[in-house]
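Number of protein chains: 2
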Amino acid sequence: MKRTAIVMRRMAVPFQSALTLTTRSHTTLMSPPLVSLDLPDIWPPNSAHFHFPVNCSNEHRAVEINGRLIAEEIRSGIASDVKRMKKSIGKVPGLAVVMVGQRRDSQTYVRNKIKACEEVGIISTTTQLPGDCTEEQVVNALSRFNVDPSIHGILVQLPLPQHLDEGKFLDVLSLEKDVDGFHPLIMGSLAMKGREPLFIPCTPKGCIELLIRSGVEIMGKKAVVVGRSNIVGLPTSLLLQRHHATVSVVHAFTENPEQLTCEADIVITAAGVPNLIRGNWLKPGAVVIDVGTNPVEDPSCEHGYYLIGDVCYEEAVRVVSAITPVPGGVGPMTVAMLLSNTLDSAKRAYDFT
Amino acid sequence: MKRTAIVMRRMAVPFQSALTLTTRSHTTLMSPPLVSLDLPDIWPPNSAHFHFPVNCSNEHRAVEINGRLIAEEIRSGIASDVKRMKKSIGKVPGLAVVMVGQRRDSQTYVRNKIKACEEVGIISTTTQLPGDCTEEQVVNALSRFNVDPSIHGILVQLPLPQHLDEGKFLDVLSLEKDVDGFHPLIMGSLAMKGREPLFIPCTPKGCIELLIRSGVEIMGKKAVVVGRSNIVGLPTSLLLQRHHATVSVVHAFTENPEQLTCEADIVITAAGVPNLIRGNWLKPGAVVIDVGTNPVEDPSCEHGYYLIGDVCYEEAVRVVSAITPVPGGVGPMTVAMLLSNTLDSAKRAYDFT
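Line order of the protein sequences matches chains R and D. Quick note on this note's numbering: the first sequence kicks off at 305 and runs consecutively. Quick note on this note's numbering: the second sequence kicks off at 305 and runs consecutively.
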């Protein structure tokens with residue numbers, strides 16, 4: 305497998321010689337090796353995981369969790385809250401977007417966010433920087449929005465050009481306006497009992513909303529999160545655990561991931577691998593939230609490609625009890641949650657309930 | 305079971321009525337319910353989990369992972385680093401302990417830490433406050449140590465009397481001196497790829513050190529953490545994941561936890577429930593790190609009690625390949641890691657390598 309090539313495996317030392325190892329070593333372990341190496345999550349090809357035959361009925365079809373409809377409902381609630389705020393205190397929430405370069409997909413995402421803001425009455429403003437801009441230019445844009453009292457949410461559209469380090473910008477961005485919820489302090493507060501994060505990252509929040517609004521019990525259930533990215537997998541697993549699910553996180557270094565997904569009542573996938581999750585990876589009756597949006601080239605489509613998820617939908621739909629489609633599942637929820645976080649932030653800023 | 309009594313279960317809404325639920329709701333979900341309730345982890349009595357007969361050989365005995373020996377080795381490495389620092393720049397690391405009240409167990413722990421500091425050449429200073437002291441008094445003590453350049457690590461001995469909120473003190477304590485590593489920013493940095501926490505919490509760091517120094521491969525292995533406390537369970541699960549284990553977290557709301565522990569290559573328990581983990585919860589050949597230190601009253605013992613772990617040692621030892629004893633396993637490692645974090649902090653402060 306690919307991964308073995310990029311990973312230096314530690315020599316397996318039998319237990320009998322463990323003490324020798326101990327007495328021979330004379331240095332104190334420092335933090336970096338103990339925290340361990342960051343390794344890229346390169347998933348092996350699908351076929352490697354495909355061991356046993358699909359066992360699903362031809363008659364059963366899962367309920368489709370309609371993310372568009374649920375997101376619309378949430379947006380309409382936000383719109384009426386914004387209207388109420390305007391009427392009551394003469395203010396509306398404001399969102400600032402910083403965009404670097406001209407990636408077409410990023411342009412589409414930003415356009416969608418701006419449109420969604422407009423529809424609910426949130427004022428948005430975009431700063432467009434050239435693809436070769438300096439770190440300082442981004443920092444300046446963020447700093448300006450940080451002190452602007454009419455702005456309650458700021459986001460830097462990702463991915464950034466390679467020469468820019470997104471971590472640095474997170475450190476500059478005002479925590480009270482980090483509506484994407486990507487700052488480590490927010491992540492830590494999400495992880496820890498007794499703490500309340502200022503914001504919940506949008507996509508994980510959207511996934512949990514889909515479960516709650518579809519009447520899915522989370523507490524005490526076995527949940528598997530596939531993928532462990534900072535943006536989706538990690539915060540989703542932390543959020544599920546705060547809802548008292550028993551959470552397992554599957555990633556590219558997991559051997560036989562289907563053994564875990566097969567036992568799960570709830571599967572949330574954010575691996576970015578088309579059709580990674582086959583029907584036989586899933587427990588009959590499980591609920592599946594598919595965060596994957598993988599473009600597949602197809603000249604016959606309007607934009608030259610169509611989107612599929614991490615889950616093999618046509619197989620899964622015959623096994624599970626409920627599933628989100630791609631597109632039309634998690635995607636619309638992410639945008640709705642961005643609006644929701646921006647509204648929450650404005651409410652906090654104006655002490656408006 | 306006990307837990308059902310304290311938990312208000314959400315009404316299970318069938319999928320068919322999910323949309324009705326959606327269209328009826330007109331409010332945007334706010335953060336607190338989405339983050340969900342903090343619920344106490346009250347474990348059901350052991351017997352409830354005990355389903356199938358123990359299947360273990362009478363001949364096999366696991367290797368005992370000797371935490372005392374490994375910790376001693378680490379402390380001796382720290383001692384020589386401290387000596388080298390003193391010789392080279394004329395400075396030594398300094399640890400400050402703030403203690404509130406007169407709990408006997410806390411006094412013992414603090415005494416052990418002070419003694420361990422002395423042995424490696426770290427200077428320690430303790431501020432003892434009365435059990436009924438004000439929040440301000442604790443904050444003042446912390447603030448004094450925050451600005452004292454001879455102090456590189458500060459810890460507040462827990463638990464605190466009920467009228468004091470430990471979270472507040474964490475926010476006061478200088479991040480660069482939080483050698484316990486309990487601050488949410490540290491937890492977030494531990495959780496996130498591409499981030500380096502300033503410190504790794506002592507007990508989790510000690511657990512991983514035990515695994516590494518015993519030659520146990522972590523990458524790609526199935527690990528189960530039992531318990532999800534901010535101090536042990538949570539950071540241990542995050543640290544294992546950074547080492548590329550496939551991590552599942554079992555807690556008091558987990559149904560049939562033994563199904564997960566039975567599959568695990570590595571089990572780290574920090575539930576605080578004596579003998580919770582029976583032999584038949586464990587996979588033959590697994591490695592077990594027992595963080596539990598549960599006092600059992602016994603008038604015949606020197607202090608009127610003895611300590612046992614979360615794992616039924618005599619059963620486990622016949623099933624697994626390696627296991628830590630209680631006492632003499634994780635305990636000594638926690639103190640060694642406190643010294644290690646304090647040394648690291650001093651090295652950073654003096655730019656000494």
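Quick caveat, the hints were computed from the structure, so don't treat them as lab data. Fair warning: there could be bad hints in the mix.
[Unchecked claim] If you want the footprint, here are the derived chain R segments under chain D, 3+ residues with CB under 8 angstroms:
no., segment
1, 421 to 434
2, 439 to 452
3, 486 to 494
[Unchecked claim] Think about it this way: if two alpha-carbon atoms lie no more than 27 angstroms apart in a straight line, the pair counts; the simulated BS3-like pairs of lysine-lysine are:
no., chain 1, residue 1, chain 2, residue 2
4, D, 651, D, 387
5, R, 419, R, 395
6, D, 651, D, 419
7, D, 651, D, 395
8, R, 472, D, 497
9, D, 387, D, 419
10, R, 651, R, 387
11, D, 651, R, 472
12, D, 472, R, 651
13, R, 497, R, 651
14, D, 472, R, 587
15, D, 391, D, 419
16, R, 390, R, 651
17, R, 497, D, 651
18, R, 390, R, 419
19, D, 390, D, 419
20, D, 587, D, 391
21, R, 497, D, 391
For clarity, every value in this text was computed on a predicted model and none was experimentally measured. In this text, a Cβ means the ideal position worked out from N, Cα and C, and glycines have one as well.
Here's how the hints hold up against the structure:
Under a criterion of three residues with beta carbons nearer than 8 angstroms to beta carbons of chain D, the stated coverage of the segment 421 to 434 of chain R fails, only 0 such residues being counted. Counting residues of the segment 439 to 452 of chain R whose C-beta lies closer than 8 angstroms to any C-beta of chain D gives 0; at least three are required, and the coverage claim is violated. As drawn, the segment 486 to 494 of chain R meets chain D at 8 residues by the rule of a beta-carbon pair under 8 angstroms; at three or more, the given contact holds. About 13 angstroms separates the Cα atoms of residue 651 (chain D) and residue 387 (chain D), which keeps this hinted pair within 27 angstroms; it holds.
Of the pairs offered as hints, the one joining residue 419 (chain R) and residue 395 (chain R) holds, with about 19 angstroms between alpha carbons and a cut-off of 27 angstroms not exceeded. For the hint pairing residue 651 (chain D) with residue 419 (chain D), the CA-to-CA distance comes to about 21 angstroms; that is within 27 angstroms, so the pair holds. A distance of roughly 10 angstroms separates the Cα atoms of residue 651 (chain D) and residue 395 (chain D); the hinted pair therefore holds under the 27 angstroms criterion. The suggested pairing of residue 472 (chain R) with residue 497 (chain D) holds, with an alpha-carbon distance near 14 angstroms, which does not exceed 27 angstroms.
Among the hinted pairs, residue 387 (chain D) with residue 419 (chain D) is consistent with the structure: their alpha-carbon atoms are about 17 angstroms apart, no more than 27 angstroms. Between residue 651 (chain R) and residue 387 (chain R) the CA atoms are separated by roughly 13 angstroms; this keeps the pair inside 27 angstroms, and the hint holds. Pair hint residue 651 (chain D) plus residue 472 (chain R) holds up; C-alpha atoms about 24 angstroms apart against a cutoff of 27 angstroms. At roughly 24 angstroms between alpha-carbon atoms, residue 472 (chain D) and residue 651 (chain R) fall within 27 angstroms of each other, so this suggested pair holds.
Taking the CA atoms of residue 497 (chain R) and residue 651 (chain R), the gap is about 24 angstroms. The hint holds against a cut of 27 angstroms. Pair hint residue 472 (chain D) plus residue 587 (chain R) does not hold up; C-alpha atoms about 44 angstroms apart against a cutoff of 27 angstroms. Restraint check for residue 391 (chain D) and residue 419 (chain D): the C-alpha separation of about 22 angstroms stays at or below 27 angstroms, so the hint holds. Proposed proximity of residue 390 (chain R) and residue 651 (chain R) is supported: the alpha carbons are some 11 angstroms apart, at most 27 angstroms.
At most 27 angstroms may separate the alpha-carbon atoms for a hinted pair to count; residue 497 (chain R) and residue 651 (chain D) exceed this at roughly 32 angstroms. Between residue 390 (chain R) and residue 419 (chain R), the direct Cα distance comes to roughly 19 angstroms. Compliance with the 27 angstroms bound is thereby established for this hinted pair. As the CA atoms of residue 390 (chain D) and residue 419 (chain D) are separated by approximately 19 angstroms, the hinted pair is consistent with the 27 angstroms bound. Only pairs whose Cα atoms come within 27 angstroms are accepted, and residue 587 (chain D) paired with residue 391 (chain D) is rejected, the gap being roughly 50 angstroms.
Taking the CA atoms of residue 497 (chain R) and residue 391 (chain D), the gap is about 44 angstroms. The hint is violated against a cut of 27 angstroms.
The structure fails to meet hints 1, 2, 14, 17, 20, 21 from the earlier list, while all remaining hints are met.
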